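**Student:** The lines below spell out each chain.
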Amino acid sequence: MCLGIPTQIIEITNADSALAVVELGGVRREVNVALLVEELPLDQLIGQWAIVHAGFAIGLVDEDEAQQTLATISDWEREEPAS
Amino acid sequence: MASELSKETLTSAKQNEKKKDLITLAHGSGGAAMAGLINNILKPIFNNSWLNEGEDQARINMADLLADLAPSDQNRLAITTDSYVINPIEFPGGDIGKLAACGTLNDLAVGGAIPRFLSVSFILEEGLPVERLAKMAHSIQQVAEQEGVAVVTGDTKVVPRGAADGLFVNTTGVGIIPSQRSLGCRYIQPGDALIVNGQVGNHGAAIADVRDGLGFTSILKSDCASLNNLIQSVLHQFSSVRCIRDATRGGVAAVANEFAQVSECDLELWEAELPLHDSVKAICELLGFDPLHLANEGNALWVVDSSEKDAVLAQLLSHPLGRNARIIGEAKAAKSKPRVTAKNALGTSRIIDLPVGELLPRIC
Amino acid sequence: MKLIDPFRDPEPIKSAIRHLQPKAISCADQLGRPVQIMEVCGGHTHTLFKFGLPELLPKQIEFVHGPGCPVCVLPRAVIDQAIALATRADVIFTTFGDALRVPGSEHSLQAVRAQGADVRVLYSPADALVLAQQNPSKQVVFFAIGFETTMPSTALVIQQAAKQGFENFSVLSHHITIMPTLRALLDRDDVLIDGFIGPGHVSAIIGEQAYRDIADHYQKPLVISGFEPLDIVQSIDMLLTQLVEQRCDIENQYTRVVKSKGNQAALNAMYDVFAIDSEDALWRGLGQIKDSGAPISNAYAHFDAAKRFALPVQNQEIDCSGYCDQVMIGKLKPSQCPHFGKSCSPQQPMGALMVSTEGACSAYYRYRPLMENSEVV
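Chains as they are written, first to last, in the numbering used here: chain B, 49 to 131; chain Y, 51 to 414; chain Z, -8 to 368.
Bound conformation, chain B alone (with noise of 0.2 Å):
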């Protein structure tokens, strides 16, 4: 259910209607930035990344809890014995 993938923001093109253009490997879309003003305003929100579903971002991806989950992982790779 619910296809939310992170995209980058590059470039707001509508302030007044909060548009916005994401990118993702090269591919470009506009898609609605308004869900998320209320966590950044508009102008902080490029170079952010957002999960985009059917043309609204719907809320930020914050880059420094996914390296703590990522992080996680590695601790528990680290406290394997070695084999």
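Hints are not guaranteed to be accurate.
[Unchecked claim] Computed list of lysine-lysine pairs in DSS-like fashion (alpha-carbon distance at most 27 Å, straight line):
1) Y:K385 x Z:K(-7)
2) Z:K333 x Z:K281
3) Y:K387 x Z:K333
4) Z:K250 x Y:K393
5) Y:K393 x Z:K41
6) Y:K185 x Y:K271
7) Z:K252 x Z:K281
8) Z:K322 x Z:K298
9) Y:K385 x Z:K41
10) Y:K385 x Z:K324
11) Z:K5 x Z:K41
12) Z:K(-7) x Y:K393
13) Z:K41 x Y:K382
14) Z:K324 x Z:K41
15) Z:K250 x Z:K(-7)
16) Z:K324 x Y:K387
17) Y:K393 x Z:K50
18) Z:K(-7) x Z:K41
19) Z:K50 x Z:K5
20) Z:K324 x Z:K5
21) Y:K387 x Z:K41
22) Z:K250 x Y:K385
23) Z:K5 x Y:K271
24) Z:K50 x Z:K281
25) Z:K324 x Y:K393
None of these hints come from the bench; they were simulated from the model.
Since the model is a prediction, treat every value here as computed from it, not as a measurement.
Starting from the known structure of chain B, fit chains Y and Z onto it as the hints suggest.
**Tutor:** Using the frame of chain B, we list chains Y and Z on its own:
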């Protein structure tokens, strides 16, 4: 008043002229308009002695058919035909003309044939700019010229506005399979290597990008290309190629399933080895597609005896149309019903079925 | 791809699986049977099968594929309504690609499109408004489906249509909410679910607290999870840890996206436009579920296609295979349903879970572990 009048006359003259530039039902009626279209537009583009004879059929000497091949009873004639409908007619990396020429030449070449002649039929929608038709004919001729093939016969029909989508093209290709060549999916053996000569899914993803107004843009181009030269360069040197098939509609998944069915071998694809453009990966993530289901127009699945797989791969890599070639799997003895599987980087496998109907973008 | 590829890296995934193995064994020992985990969301089902995770995970873990696929649970009656609108000469009917193949009682939207209905596939509901602008002489209807993830988008589009006074745009809405459905499943006394993998993107909207009932009332642990294989494996580890420690909490593995309070702007839009949890809704395969419907609120009734075109109310599901609900509560595996792969397949879907590629049965059919499929035609 006078100047207004002349303005009006001018406008209507311009409109008339513009009208002349559009395909009308008259162009299909067998009269002067049709003769004009064929003689003034199409014949000069395809220009060759067989076509210029102006008979109802192209008359080809056996010697022309064989060209530099030594006559042998074992040489075989190869004939293939395909119709091309695509929206939009012009797309990143090609157009319907290039597609119609490359597609049919590829269908000849993948069977080991050396393409010789093409026929071209156009079904034109009333209102199509003549210029557009000429452009598509030029695209066909450009490919034909590059591959040393002549367009020797053809046809045009016009249908009322709405009865076709701009223009449809049918091409038939004729070629010769030299006596020593014998390619076919029935020759696939367990242990054979599966190779693609290019990135997977570029055409399908590029078209999905621009079609249907889904609103995506990318740098992606269709891989539309004639594989003839690439294929001849390999078949010239290696006899270990079991079969080749261009992975058009239904993508690599469809060809692999056809191969599995006929050869009664399992085909195992290695997902991590698939050469994928970043934008194809992205389109697949965003719209929920499987790259194995996306169409290719200049990429084929090759099955090669494992003893020569590295040499064949090296030859492919040395050609501009094979520079992304990769060994992407192998044939295995089927345990029960033959099937196609994809093994991922984790070492687990999933079944690769034919796509169910048209590819639809999904949100969930 | 950044933020995707590291979560698909094989070595960390394998290491995480080794990490959770002892917990799985000890949980199964405690229970005297395998641990049954429900992944609520079809996206998770998809990931499980696409990456073959059940093959790699200890056999003490079994998955119960949940109802979280809005396309799968679309009732025939609603598809029939959609078709009634799509076949009107004055209507341009717009929908997500997912809904096109879902069978109604006689046809699908794809079939009526072939017969001449103007049905268009969109990527975003916002594109429907653009179409309405470009086609002033037509009525543009958007078929809105989905859970809380999709609802705010529909809400924003309806708000915009109201603000700009669109007269030729309306929405056929069949939005549904996830919690009432989980409650309905858990209220049954024959449920065999030990813990839940919570839907990541629904949670990005509704936050963590919305699931409190699962832990407090039903005493089941739930871990909100991302959609990559590493996310799912880590979430299973977190669930098993809770089970071993005999805790029932709502935990969040998908911290890079899900904030504990959810997305307030999205919730505001949703509650403005929809009357959330106010109506019973029909689910294919499950029947009527109390309070799971979110109809368009009275303030925006003008944009409700069902009202604008006076569609008859549909409250009876015509039929279902009768086994879907048993698959959904973990009593049957998809392949144990007598219809599976026979009268019900992705080509000819019959039950809810076979309809979308995200549906448990469809995913099972497509990605079924290789050793299990030999009897399937």
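**Student:** Would you mind marking each hint as holding or not holding in the structure?
**Tutor:** Results for each hint:
This hinted pair does not check out: Y:K385 and Z:K(-7) have alpha carbons roughly 39 Å apart, beyond 27 Å. Between Z:K333 and Z:K281 the alpha-carbon distance is near 32 Å, which puts this suggested pair outside the 27 Å criterion. For the given pair, Y:K387 sits about 17 Å from Z:K333 by alpha-carbon distance, which is consistent with the 27 Å threshold. Of the supplied pair hints, the one linking Z:K250 and Y:K393 is violated, its CA atoms being roughly 35 Å apart against a limit of 27 Å.
The suggested pairing of Y:K393 with Z:K41 holds, with an alpha-carbon distance near 10 Å, which does not exceed 27 Å. For the suggested pair Y:K185 and Y:K271, the alpha carbons sit about 19 Å apart, so the restraint of at most 27 Å is met. Of the pairs offered as hints, the one joining Z:K252 and Z:K281 holds, with about 25 Å between alpha carbons and a cut-off of 27 Å not exceeded. About 40 Å separates the Cα atoms of Z:K322 and Z:K298, which puts this hinted pair outside 27 Å; it is violated.
The hinted pair formed by Y:K385 and Z:K41 meets the criterion: a straight-line CA distance of about 22 Å does not exceed 27 Å. Restraint check for Y:K385 and Z:K324: the C-alpha separation of about 25 Å stays at or below 27 Å, so the hint holds. A hinted pair counts as satisfied when its Cα atoms are at most 27 Å apart, and Z:K5 with Z:K41 qualifies at roughly 16 Å. With a CA separation close to 23 Å, the supplied pair Z:K(-7) and Y:K393 stays within the 27 Å bound.
Taking the CA atoms of Z:K41 and Y:K382, the gap is near 22 Å; set against the 27 Å cutoff, the hint holds. Of the pairs offered as hints, the one joining Z:K324 and Z:K41 holds, with about 18 Å between alpha carbons and a cut-off of 27 Å not exceeded. Straight-line distance between C-alpha atoms of Z:K250 and Z:K(-7) comes to about 21 Å, which keeps the hinted pair within the 27 Å bound. Note on Z:K324 and Y:K387: the hinted pairing holds, with a Cα-Cα distance of about 23 Å set against a maximum of 27 Å.
Only pairs whose Cα atoms come within 27 Å are accepted, and Y:K393 paired with Z:K50 is accepted, the gap being roughly 20 Å. The suggested pairing of Z:K(-7) with Z:K41 holds, with an alpha-carbon distance near 20 Å, which does not exceed 27 Å. The hinted pair formed by Z:K50 and Z:K5 meets the criterion: a straight-line CA distance of about 15 Å does not exceed 27 Å. A C-alpha spacing of about 25 Å is found between Z:K324 and Z:K5, which places the hinted pair at or below 27 Å, so the restraint holds.
Between Y:K387 and Z:K41 the CA atoms are separated by roughly 21 Å; this keeps the pair inside 27 Å, and the hint holds. For the suggested pair Z:K250 and Y:K385, the alpha carbons sit about 49 Å apart, so the restraint of at most 27 Å is broken. Straight-line distance between C-alpha atoms of Z:K5 and Y:K271 comes to about 37 Å, which puts the hinted pair past the 27 Å bound. Restraint check for Z:K50 and Z:K281: not satisfied, since their Cα atoms lie roughly 35 Å apart, outside the 27 Å limit.
As the CA atoms of Z:K324 and Y:K393 are separated by approximately 24 Å, the hinted pair is consistent with the 27 Å bound.
Going through the hint list in order, the structure does not satisfy hints 1, 2, 4, 8, 22, 23 and 24.
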